[in-house]
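**Q** Chain by chain, the residues run as shown.
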Amino acid sequence: MIRPDAEPLLEITDLHASVEGKPILNGVNLQVKAGEIHAVMGRNGSGKSTLSKVLAGHPAYRVTSGSVRYLGRDLLDLEPEERSRLGVFLGFQYPIEIPGVSNLEFLRVSTNARREKQGKEEFDTFDFDDHVRDRLQVVQMDPAFLERSVNEGFSGGEKKRNEILQMALLDPVVAILDETDSGLDIDALRIVAGGVNQLASPDNCTLLITHYQRLLDEITPDYVHVMGAGRILRTGGRDLALELEKTGYDWVDQLLAAEGVS
Amino acid sequence: MAMPEGWLTQLPAPAGTLEPVQRRGRLALSEDSFPSRRQESWRLTDLRRLEALFQLSLADQRPHHFSADSWPSVPQQSLRLVIDGSQDPLQGVILPAGISLLEGAELQQALGHTLSRCRCASDWPVELNHGVSQQILALRIRGKVPPVELVMVAADAMLVPTRVLLLVEEKAELDCLQVLSAKGQAAHSHLLEIHLGQESKMNHGLLALGDGQEALLANLAVEQESRSHYSLVSVSQGWSFGRLEPSLVQVDGQASASIHGLSITAADEQFAVHTAMRFEGPEGTLDQVQKTIAADHSHSIFNGAIQVPRPAQRTNASQLSRSLLLSGRARVDAKPELEIVADDVRCTHGATVSQLQEDQLFYLRSRGITQSSAAALLLRGYFQDVLDRLPLDGSQRWLGGNLQMGGMTS
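Protein sequence lines, in the order shown, are assigned to chains A and B.
Numbering-wise (our numbering), the first sequence opens with residue 199 and increments by one.
Numbering-wise (our numbering), the second sequence opens with residue 158 and increments by one.
A couple of the hints might just be wrong.
What the hints assert, rightly or not - Quick look at which bits of chain A chain B covers, simulated, 3 or more residues with Cβ under 8 Å:
1) 254-265
2) 268-281
3) 305-319
Stated by the list, open to error - To list a few chain B residues with every Cβ distance to chain A over 12 Å, as calculated:
4) S230
5) A295
6) S475
No lab work stands behind these hints, which were simulated from the structure alone.
For each residue, glycine too, the CB sits at the ideal point set by N, CA and C.
Given these sequences and hints, build the entire structure.
**A** Here's what the structure looks like:
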């Protein structure tokens with residue numbers, strides 16, 4: 199939902215970042231306002247996932263220049279846990295398995311960390327049990343997954359549902375969903391996308407990182423950005439995604455070649 | 158390295174039920190050489206810490222001081238016996254039906270039998286215990302008996318020798334939690350013999366809790382008759398120097414055993430677990446998982462021997478050693494030792510050494526969990542299954558469900 203007077207929640211300016219000394223982001227500029235859904239598309243290696251990890255604060259990625267303002271703060275100055283508590287959520291492309299750690303306990307601890315920052319009362323074990331069962335409906339998830347270890351033995355679809363369940367519990371201001379559609383069959387995609395749509399509101403924003411149009415059939419973006427060589431090459435409306443579906447990314451190569459970037 | 162001259166002669170004169178054993182042990186200590194790093198089983202040991210045991214006073218008839226105030230209460234209908242090397246653990250205790258004292262000729266006949274069957278009677282720590290133990294707690298178990306908690310305490314810079322013998326009769330069932338606790342730079346020399354009759358079951362927990370400056374020498378010898386089941390769960394932490402040696406033998410086969418261990422070391426502690434499993438008959442089983450967490454510049458050692466001689470056909474044994482290093486300066490040595498002669502067997506073994514996974518830490522941190530809490534959560538995930546196996550709710554009662562690791566509580 200585009201509202202010209204909406205508050206900017208995330209402002210990325212000329213962001214450069216590298217991993218193991220190799221530059222990956224080469225000047226990303228992006229502003230996301232409250233109520234908006236942005237889709238970031240691009241080929242493998244274009245820098246999409248790196249952008250999501252940098253925003254979440256992954257320690258393996260080093261920001262070499264540029265800035266990210268989040269609700270008026272310097273986001274890059276914050277530890278990953280502090281970003282989460284303040285409302286930045288990253289839905290992982292490959293959610294991590296943590297054997298021996300109860301999913302329910304993990305969800306409770308992380309939810310309470312966020313609620314404390316929101317000035318809300320923390321849940322005790324019993325109240326959280328009721329709350330999480332209510333939120334399970336967002337992604338139509340079987341309560342049996344609460345009793346298992348975090349993501350251990352979950353199918354690809356179950357892991358992604360567990361990610362959206364976490365999003366539903368953490369009530370983020372900025373949700374960055376890194377290829378949430380990958381590995382999902384069409385039914386699971388609809389359920390996950392339905393969850394994201396339910397959670398989108400005029401007070402938050404969503405950054406969808408995806409390769410494919412099919413996710414955007416379920417979640418309508420306000421803006422579509424195409425990344426290449428570590429920066430945003432083109433921005434448009436949802437029509438841009440439809441155009442990409444037809445024309446592919448060959449034009450990206452031509453554009454970069456014209457600029458002298460291989 | 159050696160035993161200080163005159164150390165043996167200043168010991169109390171051999172006396173009591175254990176007199177012949179004391180003579181035997183002292184003779185062995187005087188004739189056998191002190192452990193050397195040239196011996197395979199002592200190769201990695203810091204022998205100066207073993208030698209330091211001789212600087213301690215020997216607990217004898219003088220009571221040493223320990224506070225039982227902080228101990229958890231005993232679960233209902235359980236029997237707690239406190240063994241401190243000097244007082245009679247049965248003083249004022251009424252043994253429940255099914256548990257009786259083993260005495261006289263029966264005791265003499267049973268004493269040392271299992272040690273011989275496990276081939277560890279002449280090991281140096283066993284001979285040390287022979288030489289210094291003043292008393293023995295020997296119990297016969299018949300039928301299904303109430304759970305037993307054996308609390309062994311050492312304090313006041315004393316070397317506390319304790320010896321226990323459990324004769325678990327045919328079809329008997331016993332849940333037993335042993336707590337070896339030490340404070341004040343004290344040391345334990347502990348020797349336990351368990352004989353399991355046919356179709357008997359024993360669920361054995363061993364919680365060894367030092368305070369950072371203490372020493373532990375603990376030898377467990379377990380003899381299993383056919384169709385018996387023995388489960389050992391050991392959790393140790395806080396020992397400046399420790400050596401835990403469970404030796405099991407299945408004498409006629411068709412018995413099952415499981416060993417689950419967790420040893421935690423921090424600061425400059427050194428703790429070694431040497432397990433030995435010998436199958437002497439067919440169709441025996443073993444399920445063994447040994448976990449180690451080493452923090453700071455501590456050193457953890459695991460040696461797991463499994464012997465499958467020719468009569469032990471259709472043995473099914475698995476052994477897994479998993480080690481977690483919490484610091485770049487911590488050290489782990491893990492060595493499986495499989496000796497298999499029988500040809501129709503299934504024996505698997507594996508050993509892993511890892512660190513806390515960066516991806517797992519980041520995943521938790523990205524959900525608002527601090528770095529230290531994330532590490533504690535991952536550690537809990539690593540060891541919780543072992544704690545949960547302790548009988549008599551040992552983890553909750555004695556540890557409050559928590560463990561200390563290099564300044565971190567998990």
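**Q** Each hint: holds or not?
**A** Here is how each hint holds up against the structure:
1. By the rule of at least three residues with a Cβ nearer than 8 Å to a Cβ of chain B, the coverage given for the segment 254-265 of chain A holds, with 5 such residues.
2. Counting residues of the segment 268-281 of chain A whose C-beta sits closer than 8 Å to any C-beta of chain B gives 4, which meets the bar of three, so the coverage hint holds.
3. Check result for the segment 305-319 of chain A against chain B: holds, 5 residues qualifying (beta carbon to beta carbon below 8 Å, three or more required).
4. Every CB of chain A is more than 12 Å from the CB of S230(B) (nearest about 24 Å), matching its label as outside the interface.
5. Consistency note on A295(B): stated as away from chain A, and its beta-carbon is indeed over 12 Å from all of that chain's, at 39 Å minimum.
6. For S475(B), the requirement that its beta carbon stay farther than 12 Å from each beta carbon of chain A is met, with the minimum near 18 Å.
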